[in-house]
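Number of protein chains: 2
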Amino acid sequence: MNTFAALLTSEQIVRIHEASLEILENVGLLVRNAQAKEYLAKHGCRVDAEIIKFPRQVVEAARAAFPPTFTFYGREPKYDRTLPRDRPVIVTGSSAPNMLDPVTGKERRAYADDIARIARLIHELPGYDVFSISTLAEDAPLDRFTVTRLYPALKNCLKPIRCSALNPTDAAQALQLGALVAGSDAAYRERPFITHHYCPIVSPLTFDFDSTEMLIYFAEQGLPSFGSVVPNGGMSAPLTLLGTLTQGNAEFLAWTTLIQMIRPGTPIIYSSLPTIADMRRGAYSPGAIESGMLVMGMAQMAHFYNVPNGGYIGLTNSKINDAQSGYESGMSNVGALLAGADMFNLGGLLDALMCFDFAKAVIDDDIARMLKRMQRGFEFGEENFAFDDIAATGPGGMFIDRPRTYALMKETMYLSDIADRDARNRWQKQGALDTQARALKRVREILMSDQPSFISPDVDARIRAAFADLPAGECVPPKEWK
Amino acid sequence: MNTFAALLTSEQIVRIHEASLEILENVGLLVRNAQAKEYLAKHGCRVDAEIIKFPRQVVEAARAAFPPTFTFYGREPKYDRTLPRDRPVIVTGSSAPNMLDPVTGKERRAYADDIARIARLIHELPGYDVFSISTLAEDAPLDRFTVTRLYPALKNCLKPIRCSALNPTDAAQALQLGALVAGSDAAYRERPFITHHYCPIVSPLTFDFDSTEMLIYFAEQGLPSFGSVVPNGGMSAPLTLLGTLTQGNAEFLAWTTLIQMIRPGTPIIYSSLPTIADMRRGAYSPGAIESGMLVMGMAQMAHFYNVPNGGYIGLTNSKINDAQSGYESGMSNVGALLAGADMFNLGGLLDALMCFDFAKAVIDDDIARMLKRMQRGFEFGEENFAFDDIAATGPGGMFIDRPRTYALMKETMYLSDIADRDARNRWQKQGALDTQARALKRVREILMSDQPSFISPDVDARIRAAFADLPAGECVPPKEWK
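Those protein sequence lines, which keep their order, are chains A and B.
Taking this note's numbering, the leading residue of the first sequence gets 1, the next gets one more, and so forth.
Taking this note's numbering, the leading residue of the second sequence gets 1, the next gets one more, and so forth.
If you're looking for bench data, these hints aren't it; they were derived computationally from the structure.
Predicted model, so just to flag it, every value in this text is computed and none were measured.
A few of these clues could be false.
Calculated cross-link-like contacts (lysine-lysine; reagent style DSSO-like; alpha-carbon spacing at most 27 Å) [unchecked claim]:
(1) B/Lys78 to B/Lys429
(2) A/Lys482 to A/Lys441
(3) A/Lys106 to B/Lys78
(4) A/Lys441 to B/Lys106
(5) B/Lys410 to A/Lys106
(6) A/Lys372 to B/Lys372
(7) B/Lys42 to B/Lys53
(8) B/Lys37 to B/Lys53
Pulled out of the complex, with its shape left as it was, chain A reads as follows (with noise of 0.2 Å):
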């Protein structure tokens, strides 16, 4: 990529970045946390009441201490990624509510072995690059949210994890479960393989009191973790895409400037979920493509602030995989990465963000492949341009049967196993087959073949002593396999 598409000028931004100082500074944010708020009085703010508004100079500190970049950490040092350098970096969808069952269908909660499952899909899919637990665990004992989803994601996903922590006791449970992985807590913060994430400012301009005190408790460990802005024009924000950028804008320095003031340095991403509702019935539309719009727009503010960006982009409304949710799903998240974004929060979510689905993890998995080939751009050297080809095939010849056509054949082209290119006649004989089918299909062929748990059966046990009540969590394929 050489450069990228820009719906804002430079000067747009600028004034967006000036106005969100003033926001910041004239309406200021509502904060009941009270350790936020002696951190942001003592650097400056000021307070009324529950009220505290944020002069330039403060944020303007603040944002001098953004660094660059932002690690991701994997169990092995090979999953590792880091933003921007290694965009786009794809992400699961995550903490839906629901699922769709890959046996009927149908949609119910998820169980902690529901999260193997996914796990492992995940890891086995070369298009992901980190796996934030997508569904929540309905079989979590009393005080055990957290470790109940994260034993089953570090059993069956090499890759990094994110994940939210609910209070400062279930992060603790985070921590040590992290620790007994690792080998020992200074083993776990020096490769910090789980990534907390959290949603700090309800929209508009409100600090939530348990996410912001769990960015705080991160920030203050010198572990990664990092929020996202979630303006949801017509509801939460103004009725305008400026308005709801502006304000959005307003908040991500809202809460980075709380971060930086309790460790500065602290790596950052500028992440969002922005949309516009459908004010026909008020309807939460992050399929729409004004939801990739707002991500392109931070991006581009993202850019100005030199930090890495994304967010959850390219969702879908659909309840199932038809070519909604195709178009929804690819649209969205082509405008982002053309527009700079560098994580992408795509995968795996139907209706909203409501429901899990295996099959669109595969689907999105395609989707993501083919990100990832775009950002490769074209190859250029001299040797590319196969003038020799074009010179010995000559005017109405063919290049099937030139060495470079059998070289470069897995290279040029992202050759998908999901998308069919089958003729008609030849597609009808296997089946038929649409791409929900064929995607479920791969999901099988994965979830059936074995399975070994990547904790060893050593450390398996001292978690077991530690946490003696956790599922098992498992990956286990549905009974009705076979």
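Given the structure of chain A, go ahead and fit chain B onto it with the hints provided.
Chain B alone, transformed into the frame defined by chain A:
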């Protein structure tokens, strides 16, 4: 749009131009058409039997005559579309050999009354700007190939029509029909609402006899026509993106050089359908992301030449309207839009251009309107920041009852009627329809409504007198739809 995405640097663009000149000068093109040979020789090309070599100064002289715009004329001025000003100009995909029957869903040949129905659908769908006749007409009488397709199109669609004639006799009939509809030959030539299109070059580097004859014919007449280049990496071009792009660029320069020799300043479009073959089975793969990338590269070349550009883009290899069809159609189209393509032949085709489908045309209209929303970008003015709303709402408030929210509800967001945004239970209660089913419902609504002919009875009588054997080409709904 303020800046286009660029896969190529300016230096690379210049190198590709130079490389194309080298190919034209050293390898040359195979030209069998005597008229073309004569024009090319007269203007300085070197003739070596059937191989014609283009000295650099000949190509550069032609290039200096390229005009920067191209206009598609509608029957009424409000339907006119000028490239690049009115970008993205959305055109149907054309000349599919088969179609899916809207009643049975089975593939079959198409007839004049199918073209009538398709024309009416495209007339009614707001995303489309130009109707490039989507299918052939199996019931065309002998020697009535083009008028049999044009007549139902002109009866049912006032938007600009695009088609291809076979030979001078066939083309003369098209002109005669145009004159009858316009009232006179002079009136038709003032507003030539039929644009002709050809693929004048068979890759690699060979002028097709008939298509070349037709392009010469219309250039001599001063009537709108243009060509597309269609290199297929691995088969008719090298299996590298750069080689396929460069050979295609040389082929573009070849046909436009010829046309500018005939009538300097003839409007052209840098139009293409570049592909890379999936060499696992040699499959033609216009749905692959590499096709989108090639169109993006060609858009950059066209900007360098300061000519309008576009082509067949967002095609799919899928046989049905499933997820693959959605993401293949959506991704390449956004890529091309953001790279600066002006014209998008995106509508209505499945199965790698083999098959027209009514539902796909409706789905592509949705995609087209999303592209147009993206092109519109961020409305940027002080009022769009909505500072007053943000201040009045304050932290923790709601924007739903702000007057601006009501005023802008139809303007800020593209409100799709095809994409479903309901909650899952509501969607289920309404029949759990997929995109295909919703799109087909829209087709029925349009085709079951009154469809008065856009050709008056007296003009129609004159047409029937001139072409007595033409099929009626009436837009009547399938008899099974009652």
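Original post:
Of the numbered hints stated previously, which ones are contradicted by the structure, given in increasing order?
Top reply: Checked against the structure, the hints that fail are numbers 1, 3, 5, while the rest are satisfied.
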